[in-house]
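Novice: The chain contents come next:
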Amino acid sequence: MQLAGQQSNRLIGSTDRLKLIGLLLLAALLLAAIGYQASISGRDASLVMSVFATRFLGIFVEAAPFLLLGSITSGLIETFVKSDDIMRILPRNRLGAALGGAFLGLVFPVCECGVVPVARRLFSKGTPVSLGVAFLLAAPFMNPIVFASTFIAFGFGPVFIGRIIVTILVAVIVGVVLGSFAKPAAALKPIALGGGHDDHAHCEGETPSTRARLLDALGIAADEFFEMGRFLIFGSILAALMQTLIAQESLLALGTGPVFSVLFMQILAYVLSVCSTVDSFLALAFVNSFTTGAIVSFLSFGPMVDIKSTLMFTGVFRRRIVLYLILLPFVMNLLAGALINLMLGYA
Amino acid sequence: MTAARHEYEAQIDRIDWAKSLILFGMGVYLTLLMLTGNLDNYINLRFAWLVVVGALLFFLLGLVNLHSCLRPQAKAHSHQHYQISWDIILVLAFPLLLAILIPSRALGVEAVNGGVSLSPVGVSSVTRSPLDRNILDWLREFDRAATPAQFNGSPVDVIGFVYREPLHPDDGFMIARFTLSCCVADAFPIGMPVMAAGEYEAGEWLRVQGQLKAMAFGAEFLPVVLAEAVERVDEPRQPYLYP
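Sequences listed follow chains Y and B, in order. Just so we're aligned, residue 3 is where the first sequence starts under my numbering, counting upward by one. Just so we're aligned, residue 33 is where the second sequence starts under my numbering, counting upward by one.
If you're looking for bench data, these hints aren't it; they were derived computationally from the structure. Small disclaimer: the values here were computed from a predicted structure and weren't measured. A virtual CB, placed ideally from N, CA and C, is assigned to each residue, including glycine. Treat each hint with caution, since some may be false.
SDA-like mimics (lysine to any residue), calculated; alpha carbons at most 20 Å apart, straight line [to be verified]:
| hint | chain 1 | residue 1 | chain 2 | residue 2 |
| --- | --- | --- | --- | --- |
| 1 | Y | 21 | B | 115 |
| 2 | Y | 310 | B | 117 |
| 3 | Y | 21 | B | 122 |
For the chain Y half of the interface with chain B, some residues (derived, Cβ under 10 Å), not all of them [what the hints assert, rightly or not]:
| hint | residue |
| --- | --- |
| 4 | 64 |
| 5 | 171 |
| 6 | 228 |
| 7 | 232 |
| 8 | 256 |
| 9 | 260 |
What the simulated footprint calls covered on chain B by chain Y, stretch by stretch (three residues with Cβ under 8 Å from a Cβ of chain Y suffice, anywhere in the stretch; the number is not a length) [what the hints assert, rightly or not]:
| hint | region |
| --- | --- |
| 10 | 95-101 |
| 11 | 208-222 |
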């Protein structure tokens, strides 16, 4: 009962009220920014607002179905899939394991939010570090749903192909490197080393009916949609605001340097924390003003590491490993993006 | 049961109802977009099927959520994965609020940021006869051509909105459209220059008929439409051109 009281306090407590006030302040800032833009450009504020609304809702309408598909897949995996079955068929030597891990997303279609719990479950079953890390970094992109959204946004072109190559390369290399230098006990927190929670269908010892599990899966999917939807909405607001308020020339100034543009987009990807199922649609907003290498790095780095996955990493890995997990992909994606720009002839 | 626990469960209950409301609301919103044709304002209609899928999934999740609201014993088993709080509900309500409060409009002249491009978007080998070409088709033809003069005398019949820049000559403006590959996130304004006597305001939708002639326009030498007939028209049902 004590616990329930604390939870109740948490639900309606002061942090929540602070968050609500913060949200209202953000909304006020949004209106102020739009009003300011209208006044300096001599346009009607309602017109600027309507341009913003159209741009925002366009991204949201196109992205929402993918976020729903991702959430439902995540719910289904949570309730129906046993990680043992997959573990049995995967290679155990370091490079093989890392490669296997990089492609595991094709059968375990999870986005970056679903990937950490699944990776943790894999580790607790004794998975090699290289496999787990490669899976963690690659799976949010290397899965059918994200292939589909990337294809719809960019078609089969340099961005799509670049995203695949860079993702696999970075994931495998980081997997092999961390796998060589860190034994599981040194890399993982005790909680992820086994003895942790098993799969979902467990609590009363009996297996619930398929119908009950399906309902459970869809319930989890709805929660996942709400939890991830807010990152999509914040990201879309920022992208739409940027397109509406910032002059194209200023964006071009940021977006044309072959290295700086990549750096800028990677930091943006980290901050935005948008789900990998929908980040392609956000990246579209930058296509007209940023280098192709920057777009590719945004799309390959974002799903690997961002604010929310960093938080989740700290629940699985020891602190030093978390640092490597952020820095190695950051540097490698930066190099890859700059190289792509060089090859495509951005001076 | 203590009062605190009652209060806790009542909170969860209210949040569950709010979740159902938002899920159904989004399903209804997507459905209305399709029924009213306003979907044209947001995405390339090639991907309209995605919105159908989205609406169906929203209704499905909404129903499941409603089911657990109405039958609390069904919830007893389900694991609380995350506890969704009110601030998340508020954030998720934002798209719906925007959709309700602000009338749906396609991007127009006020959305042009950094000028209208004279270069085409995407590639296509389809060649239409001159009078069937839209602004995008014409820019593609210009892009392929050896010299701007090769179009002299070609008849033109295009629809677009008026876009003006200080550099344009007195009777000149550009007739422009937004292109859309995927959704408005990649909307890109393109246009062709027009010489036409008469007062036309920026943003007005016009149908311009005339002939092409290579000449200087602003700082460039390029094919310009010499208008013979200019007609004010309504914004087309499909406001964007799809590359």
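Novice: The structure should be examined with respect to each hint, and the outcome stated for every one.
Specialist: Evaluated hints:
For a cut-off of 20 Å, the pair hint linking residue 21 of chain Y to residue 115 of chain B stands: about 15 Å separates their Cα positions. Restraint check: the Cα-Cα separation between residue 310 of chain Y and residue 117 of chain B comes to about 17 Å, which is no more than 20 Å; the hinted pair holds. Restraint check for residue 21 of chain Y and residue 122 of chain B: the C-alpha separation of about 10 Å stays at or below 20 Å, so the hint holds. The interface hint given for residue 64 of chain Y is met, as the beta carbon of that residue sits about 4 Å from the closest beta carbon of chain B, less than 10 Å.
Because the beta carbon of residue 171 of chain Y sits about 27 Å from the nearest beta carbon in chain B, more than 10 Å, this interface hint is broken. Given the 10 Å rule on beta carbons, the hint for residue 228 of chain Y holds: about 5 Å separates it from the nearest Cβ of chain B. Look at residue 232 of chain Y: its Cβ gets to within about 4 Å of chain B, closer than 10 Å, so that hint holds up. With its C-beta approaching chain B no nearer than about 13 Å, residue 256 of chain Y sits outside the 10 Å limit, and its interface hint is violated.
For residue 260 of chain Y, the interface hint is violated, the least distance from its beta-carbon to any beta-carbon of chain B being 21 Å, above 10 Å. Against chain Y, the region 95-101 of chain B contributes 4 residues with a C-beta closer than 8 Å to a partner C-beta. That satisfies the three-residue criterion, and the hint holds. Coverage of the region 208-222 of chain B by chain Y holds in this model, with 8 residues showing a Cβ closer than 8 Å to a Cβ of that chain against a need of three.
Violated hints for the displayed structure, listed by number in ascending order: 5, 8, 9.
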